[in-house]
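Engineer: Here's the letter readout for the chains.
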Amino acid sequence: MMESILQLIVSGVAMGFIYALVGIEYTLVWNSTGLLNFSHDKFIMLSAYIFAGTFVVKMGLPPAVGVIASLLVMFIFGMLVAVGIFNPLRSMASPIFAVMGTVVLGRIISEMVRLIWGPIPFTLPNYLTGTYQLGNIIIGRVNVWIIVISSLLVAALQIFFKTTKTGKAMRCVQQNKKAATLMGIDVSKNIVFTIVLSSLVCTVIGMLVIPLFTVDTSMANMIGLKGFSSGVIGGFGYLPGVIAGGVFLGVLENFSTIVLPAVYKDCVGFVLMIIFLLVRPSGILGHRKNLR
Amino acid sequence: MKKIKIALMVLVFVLLIAFPMLDGNLYHQQLMNQVFVNIIVVMGLNFITGLTGQMNLGTAGIFALGAYASALMCTKLHTPVWIGFPIAILVGFLIGRGLGYPSLRVKGVYLSLTTIGFSEVVRLILTNAIDFTGGSQGVQNIPFLNLFGFEFNTPFKIYYLYFGLAIILAIAAARVVSSKWGRVFKAIRDNSDAVEACGIDVANLKILAFTMAAIYGCIGGFLYTHMMGYINPTAFNQDLSVNYLVMMMIGGIGSVAGNILGAVMVTLLPEILRFMQNYYWLIFSIITLIFAVFLPNGIVSLFKKSERQEKHFNIFHSIKKATEVWGGRLAK
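Note that the protein sequences, when read in sequence, are chains A and B. Residue numbers for the first sequence, in this note's numbering: 8 to 299. Residue numbers for the second sequence, in this note's numbering: 26 to 357.
Keep in mind that a hint or two might mislead.
[To be verified] No more than 30 Å apart at the CA atoms, straight line, and that leaves these computed lysine-lysine pairs for DSBU-like:
id: 1; chain 1: B; residue 1: Lys101; chain 2: A; residue 2: Lys184
id: 2; chain 1: A; residue 1: Lys185; chain 2: B; residue 2: Lys132
id: 3; chain 1: B; residue 1: Lys211; chain 2: B; residue 2: Lys132
id: 4; chain 1: A; residue 1: Lys184; chain 2: B; residue 2: Lys211
id: 5; chain 1: A; residue 1: Lys272; chain 2: B; residue 2: Lys132
id: 6; chain 1: A; residue 1: Lys185; chain 2: B; residue 2: Lys211
id: 7; chain 1: A; residue 1: Lys272; chain 2: B; residue 2: Lys211
No lab work stands behind these hints: they were computed from the structure. Model, not experiment: these values are computed from the prediction.
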């Protein structure tokens with residue numbers, strides 16, 4: 008009993024870190040542009056396809072090279088999307104058009120993926136598979152990798168935001184765009200940078216979740232939604248809150264399988280989101296600033 | 026101008042009345058019925074997303090619940106088919122209140138998050154509760170609508186019924202848009218703080234708009250079920266929700282005429298653009314994205330003179346503005 012609980016906790020934390028990363032990635036965009044990127048799950052899916060479909064399966068590169076190459080490709084992609092779509096959309100008359108723009112962008116990405124890589128799902132053999140054994144506890148290799156890489160990434164992002172000049176400028180833009188402009192910060196450039204950063208985080212998520220799901224056009228739908236839920240649970244638009252909410256949701260969701268049939272595991276995030284909206288809209292960490 | 030408008034409307038009306046008699050193709054008639062269903066759903070979506078400015082990404086879930094409620098009532102409980110209509114309205118009301126209250130009570134973008142989750146959860150439950158909903162097999166042998174013993178069992182008969190219903194609901198929607206409620210909805214979209222300062226309960230009116238959207242969506246689902254005779258959960262996915270949004274945006278956000286135009290176009294275009302085969306959705310989505318940036322108010326804004334009574338049409342104005350915005354960004 009003890010072992011199975013521990014295993015549930017470990018895989019829950021691993022899944023929770025994925026939700027937390029999704030949360031971070033869209034919260035960055037939300038804070039800097041005031042737009043919710045509804046195509047973020049498609050970004051994740053696209054990066055998984057670029058990494059697995061093109062670099063590893065088609066070109067036969069070793070995964071380490073593939074990681075760098077896909078990060079580069081998604082860097083360029085993020086830049087194009089930011090300059091061509093997000094920056095013009097941000098200054099539209101009503102945010103509703105901008106949201107529509109991101110929704111339609113998601114559809115364009117998934118159609119392109121379907122046309123380029125074909126509609127048949129596939130997997131990557133021998134990539135982050137296998138298990139580690141610690142006493143009686145068996146932990147999937149992918150879970151360990153997810154936890155290690157995500158915590159490193161979260162720590163790196165924190166250091167980036169706290170110490171570097173660009174990071175500080177980004178936080179400044181997130182808090183007050185007008186004041187940032189007055190301080191001589193180029194808001195448009197900053198937004199481009201934020202979206203590139205967010206698409207890089209998406210790439211990391213996409214590469215990490217390949218062993219958990221098969222690579223197909225709807226692979227990231229659920230984690231995209233649960234990223235939103237974890238944002239509401241932890242405190243919307245607040246990075247530490249999103250991380251807390253993501254891990255909380257991941258663990259709770261795993262424990263729900265003890266009581267509920269496993270197919271309804273995906274409902275937990277939604278129900279929790281509604282409960283939090285009713286009872287505590289400011290989230291676990293109670294951050295009120297971004298409730299506008 | 027007004028005379029031309031009325032003449033055009035009468036002409037379209039007469040053409041629509043005559044259409045099934047002139048064109049005996051059952052498939053075309055079925056397609057037109059689908060257009061009427063879509064028009065109803067899009068007009069509903071217009072209340073919450075178009076007028077009030079709250080993103081609703083869960084139309085598929087609402088539509089699916091309306092469809093399944095009526096289908097399961099008919100096939101499992103063998104109730105008369107028309108009972109499905111009040112049931113659809115009730116289901117819509119419950120969704121609107123139940124989902125609207127938690128997400129619209131607090132200011133923010135929560136409605137888009139809860140509705141997108143709602144529609145996925147609905148699809149999950151419909152697929153997995155096999156004993157109750159038939160799972161991915163769907164519900165089969167759903168009876169056609171009948172009124173006083175007259176059964177609407179061919180696309181030809183359904184056409185006139187749905188045509189009439191669509192007209193009634195369109196008139197209702199147009200009345201709402203130009204009523205006190207409609208003006209408040211628009212005001213909430215433009216500046217919700219100002220509305221609140223006028224002593225209007227913003228949260229309550231947003232929930233009202235969402236409830237109306239849900240009711241229209243459920244009525245659409247009800248009509249769809251009894252037209253198709255068979256439903257399964259795979260049809261009610263995220264793509265459907267996006268489709269309805271695209272219909273609303275292509276036609277014109279906030280105007281009933283625009284909604285109708287958009288629904289007609291987006292439903293019929295796949296048939297016209299069949300020759301593009303695989304590339305159809307890609308090209309169509311790119312067109313939509315261009316619309317979102319250059320002509321955000323949809324096709325109807327082409328026919329309206331711009332606010333300042335300028336001589337040139339709105340499109341030139343909006344293109345000029347969009348290029349300014351776009352060019353300005355690029356220049357930096």
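Engineer: If a hint holds in the structure, say so; if it doesn't, say that too.
Structural biologist: Consistency of the hints with the structure:
no. : hint                : verdict
1   : B:Lys101 x A:Lys184 : violated (58 Å)
2   : A:Lys185 x B:Lys132 : holds (22 Å)
3   : B:Lys211 x B:Lys132 : holds (16 Å)
4   : A:Lys184 x B:Lys211 : holds (27 Å)
5   : A:Lys272 x B:Lys132 : holds (29 Å)
6   : A:Lys185 x B:Lys211 : holds (27 Å)
7   : A:Lys272 x B:Lys211 : violated (39 Å)
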